[in-house]
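Asker: Sequence:
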Amino acid sequence: MPRRTGHGHPVRRTVPGVLRDSGVAGFTVATPCHIAVMWIQTSRVVVANAGDAKAVLARSTSTDGEGVVADTKSPLKAIVLTREHKAIFPQERSRIQKAGGSVGPNGRLQGRIEVSRALGDRHFKKVGLIATPDVHSFELTVKDHFIILGCDGLWGVFGPSDAVEFVQKQLKETSSATLAVRRLVKEAVRERRCKDNCTAVLIVFKH
Numbered sequence: 001m002p003r004r005t006g007h008g009h010p011v012r013r014t015v016p017g018v019l020r021d022s023g024v025a026g027f028t029v030a031t032p033c034h035i036a037v038m039w040i041q042t043s044r045v046v047v048a049n050a051g052d053a054k055a056v057l058a059r060s061t062s063t064d065g066e067g068v069v070a071d072t073k074s075p076l077k078a079i080v081l082t083r084e085h086k087a088i089f090p091q092e093r094s095r096i097q098k099a100g101g102s103v104g105p106n107g108r109l110q111g112r113i114e115v116s117r118a119l120g121d122r123h124f125k126k127v128g129l130i131a132t133p134d135v136h137s138f139e140l141t142v143k144d145h146f147i148i149l150g151c152d153g154l155w156g157v158f159g160p161s162d163a164v165e166f167v168q169k170q171l172k173e174t175s176s177a178t179l180a181v182r183r184l185v186k187e188a189v190r191e192r193r194c195k196d197n198c199t200a201v202l203i204v205f206k207h
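1 is the number of the first residue of the sequence shown in UniProt numbering; add one for each residue after it.
Since the hints were made in silico from the structure, they are not lab data.
Incorrect hints may appear among the rest.
List time: in silico DSS-like cross-link candidates among lysine-lysine, alpha-carbon distance up to 25 Å [what the hints assert, rightly or not]:
| id | residue 1 | residue 2 |
| --- | --- | --- |
| 1 | Lys143 | Lys77 |
| 2 | Lys86 | Lys143 |
| 3 | Lys143 | Lys169 |
| 4 | Lys195 | Lys172 |
| 5 | Lys172 | Lys86 |
Restraint ranges, calculated between C-beta atoms of paired labels, are given here [unchecked claim]:
| id | residue 1 | residue 2 | range |
| --- | --- | --- | --- |
| 6 | Ala177 | Val80 | 36 to 42 Å |
| 7 | Val80 | Lys206 | 22 to 28 Å |
| 8 | Arg182 | Thr42 | 28 to 34 Å |
| 9 | Arg182 | Ile40 | 20 to 26 Å |
| 10 | Ile40 | Ser102 | 28 to 34 Å |
| 11 | Cys33 | Pro90 | 20 to 26 Å |
| 12 | Gln91 | Glu139 | 33 to 39 Å |
| 13 | Asn106 | Thr42 | 17 to 23 Å |
| 14 | Val80 | Pro105 | 40 to 46 Å |
Being a predicted model, the structure only gives us computed values, none of them experimental.
Built from N, CA and C at the ideal position, the CB exists for glycine as well.
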C-alpha cells in the first residue's frame, strides 16, 4: 500500500516555490487549481495531490501459486492513492480555524470554496487555504496495471472501481492508452453528463 513521505520531499518544497515565483511575476489566479501529479523513480512511484483531484491505481489480485499474476483479464482492484482536501473534514477544518479562517454551514472555506488545499486563490491563502500537497509512494510490482489521474469532474460521475473497470475494458478493445482515456472522458461528459471540468491522464505499465 502507498505510504506517506516526509515533509522534506522535493514536491513539498516545489509547490510553495511556484507560489512565490508567481507572486514576484505579478500573476494572480482567481480560482483554485487542484492538482494530482505522479512520477516514477525506477520501481518507485510517487504521487502528490492538493485539492480533490485523485490518482487511482488498478492492481491485479489474481496470482498463481508462486505469486505471479495469473490472468490479466481478471477484475482489477481500484486503490485510491491520494487524499482529498476539503474544508469540511475535521483535520482541515481545525487547521483553517487556527489560521484565522472559518468553515461555513455549507462546509466551505469562508463559506465560498469547498477545497482546503490548492494552487492559486492567493487571497484565501491568508485564511487557511494552503498549497502543501500530500505525497505518497509505493513500489511498483507486476500486479500493477495502470494509474488514472483525474480532476473532480471525472470522479463526480465515476467511482474509482467503476473507472478502473471502464478503462480495463477499453484497453482490451483498443490496446491504446490514448484512446482509452479519451473514451473515459467522453463517457463522463456525454453519457454521464458531467457538468464540471473533466480531465484525465492514463499511465499504463508495461511489465
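Asker: Now tell me if each hint is right for this structure.
Answerer: To see whether the hints hold, each was checked on the structure:
no. : hint                       : in the structure
1   : Lys143 - Lys77             : 10 Å, holds
2   : Lys86 - Lys143             : 31 Å, violated
3   : Lys143 - Lys169            : 17 Å, holds
4   : Lys195 - Lys172            : 28 Å, violated
5   : Lys172 - Lys86             : 36 Å, violated
6   : Ala177 - Val80: 36 to 42 Å : 20 Å, violated
7   : Val80 - Lys206: 22 to 28 Å : 23 Å, holds
8   : Arg182 - Thr42: 28 to 34 Å : 30 Å, holds
9   : Arg182 - Ile40: 20 to 26 Å : 23 Å, holds
10  : Ile40 - Ser102: 28 to 34 Å : 40 Å, violated
11  : Cys33 - Pro90: 20 to 26 Å  : 25 Å, holds
12  : Gln91 - Glu139: 33 to 39 Å : 27 Å, violated
13  : Asn106 - Thr42: 17 to 23 Å : 45 Å, violated
14  : Val80 - Pro105: 40 to 46 Å : 28 Å, violated
When the structure is compared with the earlier hints, violations turn up for hints 2, 4, 5, 6, 10, 12, 13, 14 and for no others.
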